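The lines below spell out each chain.
2 protein chains.
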Amino acid sequence: MRSICAIEGVEAAGIKEGKHGLALIRAEGTAAGVFTSNLVRAAPIELMLERIRSGRLAGICVNSSCANAHTGRRGLEDAAAMAAIGARALGVDEREVGIASTGVIGRYLDLPLIERQAGALAGTLARSEAAETAAARAIMTTDLVEKHALVRGDGFSIGGICKGSGMIAPNMGTMLAFLYTDAAIEQPILSAALRLATDRTFNRVVVDGDTSTNDVAFLTATGAAGRIDANRFEKALEACCRALAIQIAADGEGATRLIEVTVTGAPEEEDAAEVARTIVGSSLVKTAVYGEDPNWGRVIAAAGRAGVEFDPYGVSLAIGEGEGRVPLVARGEIVVDLARAKAAMAGKRVVFTLDLDAGEGEATAWGCDLTEGYVEINGKYTT
Amino acid sequence: MRSICAIEGVEAAGIKEGKHGLALIRAEGTAAGVFTSNLVRAAPIELMLERIRSGRLAGICVNSSCANAHTGRRGLEDAAAMAAIGARALGVDEREVGIASTGVIGRYLDLPLIERQAGALAGTLARSEAAETAAARAIMTTDLVEKHALVRGDGFSIGGICKGSGMIAPNMGTMLAFLYTDAAIEQPILSAALRLATDRTFNRVVVDGDTSTNDVAFLTATGAAGRIDANRFEKALEACCRALAIQIAADGEGATRLIEVTVTGAPEEEDAAEVARTIVGSSLVKTAVYGEDPNWGRVIAAAGRAGVEFDPYGVSLAIGEGEGRVPLVARGEIVVDLARAKAAMAGKRVVFTLDLDAGEGEATAWGCDLTEGYVEINGKYTT
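Chains E and U are the protein sequences, given in the same order.
For what it's worth, my numbering labels the leading residue of the first sequence as 1, then goes sequentially.
For what it's worth, my numbering labels the leading residue of the second sequence as 1, then goes sequentially.
Quick caveat, the hints were computed from the structure, so don't treat them as lab data.
Owing to the predicted nature of the structure, the values given are computational and were not obtained by experimental measurement.
A hint or two may mislead.
Stretches of chain E that chain U covers, calculated by requiring three or more beta carbons in the stretch to come under 8 Å of a beta carbon on chain U [said to hold, decoys possible]: (1) 38-51; (2) 278-289.
Derived, one-sided and incomplete: chain E residues facing chain U with beta-carbon distance under 8 Å [what the hints assert, rightly or not]: (3) I105; (4) G304; (5) P312; (6) Y313; (7) G332.
By construction, the Cβ of each residue, glycine as well, lies at the ideal position given by its N, Cα and C atoms.
Generate coordinates for the entire structure from the input sequences, incorporating the hints supplied.
Spelled out as structure tokens, the structure:
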């Protein structure tokens, strides 16, 4: 099993009918959640901000195609009804069902459809590769591939599925992630670990700079593997989230290439992250990567508008990695060999390394190129 | 005459050879400038930040195709040399020549080319429609049309040319604007008026969210028309800059439609501007407009991430204007008629009006749709 069903006690099911998907996951345990930073929050987010305070989840019910966002009081009632439908199908308390929605904003949930799909799934919950794949596919919108990750620690494991694709920006895009571990972790530590891992991974993915109304990541710890050292757990969780985040970036809408930007020498880690995010989010950098155009000045220009202080003539910039690493700027001096730089852009993964020479802060961000495909996908999304 | 040459005492000339353009403008007077907010500033910006302190300009020399940005000490020497070349061609003091560059970052100026072009232009400086058009064309990069504006006040006039197109974001894109007036205005008032007009017009245009290293707007007041009331002058200058800003948005790289977003009911004007800019800059809104997809939830979602406080269920949103105005959301209630909303997106100009119901602040921002054309233009820019 590639992800969540590798964790003892986790059962999944999923169905996708045209654009309309529903996933159910059953797993009881201590739980934590992180949510969108958008002021406009979807109804399921409002509901879960309240309910996750209990620190426990017994299952999850997620639909795709309708975001149940900007739907007012009726949306909130629909969200609660969806939790109740999920609870019946999962055979658990509705107050312990995590719900999430993704899709078009400003439309009401089709509750009869969700009820029918949940009913059909109830008998199919299973702990198998087919089941986790069905769940991962059910939550997809414009994603092209389902996303799984599994990290095995010493005596415990963490598995996750997620969806991403568009409206992906700093502070979580329309990103849904469902993470499970068999480690026994106290709720406050679980919460803090999820927040930190999210900041360092999901919040460093930029597809188009838009932030969704519906983002959420839930982490449930079943405890079957017993107590695990918090530090080791945090590292494994970050690795698991990083693996998912990179899959989201690589599968950005219309993407043909993953862009990875590592910034070193920033005053603080958060400064490095901000510069790295600004670069991977730059439309000009993204189109240059798509065109295999070694227009490195756009990288420097993007760094310059990130709001972080550094000396433009102290920076060093390289493209590529390992043997294929090509220096472009060395401490402010232009040293680029354009033919070699172009060659370093030929693969499916384009790596930039920028040293600001202004401190010890270091961070990596991930994004993708901007192509005609993104325009096509998003020009006709609702119609 | 459509722009700068309508102002007494302003002579222009321009040449474009392939990508390589040079424009000269001669006009003596009190002058002010505003410059890019990018930390990475091109050499001509560094030079002019210093020289504009004199508060006077006698002429302008501008090249296109090379930005002379991130070119270190040599870039600064080249910028000074370019000012000297311009001064010889214009027959004025080199310390009173405003210079500007636009094009690829990280390349050195071709001074022999600039010298040859300036020499060829020296004898052609003229006050004519052909001359102002030649200058406006010479400064274009990926612009498709040259940009002119002329506002006639009571007893004075203001004319301007500019270029824009890509790397256009809040706080000035690769935007060069050269403005002239025959009004006699004291330097501090001229400076303040240019800053205010820029904030309300050029800084409210978003093409792709990237901010250039080379932006500049110069305003020269010849004084031929005598003293003019500061208030009337400010209004006319804002109108002139607005006319140019709208032309920049409409001619954004690959654009097929102008997007105009007016936000009302914000706590302050700057809050309204921030929300309006976030909406016109949203890739999801831009692609929806391109696809004539009335996916209005993306407008609300973009507003929600602008960092301004409001009640999502207090807002009202409409598309279109005048007779064609179609309400989408009325005080949080969804009231959209999708067919009519789609019809309101058929023209070359798509207007959104968003009332936040959170104060008296009001602002308009301009942008353009995101199309395959943008990706094509920027995927192969330097090659």
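To see whether the hints hold, each was checked on the structure:
1. Counting residues of the stretch 38-51 of chain E whose C-beta lies closer than 8 Å to any C-beta of chain U gives 4; at least three are required, and the coverage claim holds.
2. Three residues within the 8 Å Cβ limit are the bar, and the stretch 278-289 of chain E against chain U gives 6, so the coverage statement holds.
3. With a cut of 8 Å, the hint placing I105/E at the interface with chain U holds, because the nearest CB-to-CB distance is about 2 Å.
4. Of the supplied interface hints, the one on G304/E holds, with its beta-carbon coming within about 3 Å of a beta-carbon of chain U, less than 8 Å.
5. Among the interface hints, the one on P312/E holds; its C-beta lies about 5 Å from the nearest C-beta in chain U, closer than the 8 Å criterion.
6. Because the smallest distance between the Cβ of Y313/E and any Cβ of chain U comes to about 6 Å, under 8 Å, the interface hint for this residue holds.
7. Against a cut-off of 8 Å between C-beta atoms, the interface hint on G332/E holds, since the closest Cβ of chain U lies about 6 Å away.
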